[in-house]
Amino acid sequence: MELKEHWGSFYSENKSVDSFFCSPGIVPDKKPAIILIQEIWGVDEHIQDMARRYASAGYFVAAPDLYSKGGKDAARSPGRITELKDFLDRAPMSVIMNEDERKKFVEREGPDRARRLVETMESIFKGRDMDGMVKTLNDTVSLLKGDMGATSVGTVGYCMGGALSFMMSTNREVDASVVYYGVAPEDEKLKDVSSPVLGLYGGEDHRISDAVPDVASKLKDLGKSYQYRIYDGAQHAFFNDTRSSYGYGASKDAWARTLEFFRANLK
Numbered sequence: 005m006e007l008k009e010h011w012g013s014f015y016s017e018n019k020s021v022d023s024f025f026c027s028p029g030i031v032p033d034k035k036p037a038i039i040l041i042q043e044i045w046g047v048d049e050h051i052q053d054m055a056r057r058y059a060s061a062g063y064f065v066a067a068p069d070l071y072s073k074g075g076k077d078a079a080r081s082p083g084r085i086t087e088l089k090d091f092l093d094r095a096p097m098s099v100i101m102n103e104d105e106r107k108k109f110v111e112r113e114g115p116d117r118a119r120r121l122v123e124t125m126e127s128i129f130k131g132r133d134m135d136g137m138v139k140t141l142n143d144t145v146s147l148l149k150g151d152m153g154a155t156s157v158g159t160v161g162y163c164m165g166g167a168l169s170f171m172m173s174t175n176r177e178v179d180a181s182v183v184y185y186g187v188a189p190e191d192e193k194l195k196d197v198s199s200p201v202l203g204l205y206g207g208e209d210h211r212i213s214d215a216v217p218d219v220a221s222k223l224k225d226l227g228k229s230y231q232y233r234i235y236d237g238a239q240h241a242f243f244n245d246t247r248s249s250y251g252y253g254a255s256k257d258a259w260a261r262t263l264e265f266f267r268a269n270l271k
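Each residue of the sequence shown is one higher than the one before, starting from 5 at the first, in the numbering used here.
Hints in this document: simulated from the structure, not taken from any laboratory.
Possibly wrong hints are sitting among the right ones.
For each label pair, taking beta carbons as the anchor points, the in silico distance ranges come out as [as the list claims (entries may be wrong)]:
no.	residue 1	residue 2	range
1	Lys130	Thr86	15 to 23 Å
2	Asp151	Gly253	35 to 43 Å
3	Ser81	Gly114	14 to 22 Å
4	Arg267	Glu113	40 to 48 Å
5	Asp196	Asp90	34 to 42 Å
6	Arg132	Trp11	21 to 29 Å
7	Gly75	Lys130	17 to 25 Å
8	Asp116	Lys89	17 to 25 Å
9	Pro115	Arg267	47 to 55 Å
10	Arg56	Asp135	27 to 35 Å
11	Asp135	Ser20	14 to 22 Å
12	His10	Gly114	22 to 30 Å
Heads up, the beta-carbon is just placed ideally off N, CA and C, and yes, glycines get one too.
All chains should be modelled from the sequences, with the hints used to inform the complete structure.
Structure, rendered in structure tokens:
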């Protein structure tokens, strides 16, 4: 399918936000839209590739760069994030998910490289303004349903983006939310979930997946629509085919479930 893609910008809280947009070459009269929410690595080549995949399925896709609002921090530049990603590829998941272990691991590098790595880790692991990101995503919904005339809007996110997608399910203008290995909102916010939610998790990603049955029980008691799948043997970030954690079987099944979920809920 021929696709149209471009980088553009819009405003959120009076600050410019960059976004990657992708759509079918011929946009249908009824155009459901998807907000594709980045991992901690930003709107990198993998996320842009995912935008193309969703556009090939018939959706108008916006992937806002949540690090660009009001100007991007140098520690979050593509080059710095690529450097950190390459470094962490050599680290076991137990190191990646543990702040103290990450610091020990980085000490093996030279002083200049270690400084850059620590700055970028601090920025993307600890310096995230999740509430500010939600405001940006809410403004993305308004952009899509307003100026761009989307008939419905779904959200899908991975890792950090998965948590944000779950948070976006409390926005009544969102029609469906897909969560890839992202944590759920705090208990007091679960009552505000208004859209159907699909959660997809790795069985070996215990920090996140072990909490899923309890979240499901609470949402059921609240009368919310939440379905989930935990893939035995799959790691965190099993859907990212550029990472060592990629799991072919889990990602193939999750992709089919995601498209069916959006087909059923986005009109």
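Violations among the numbered hints: 12
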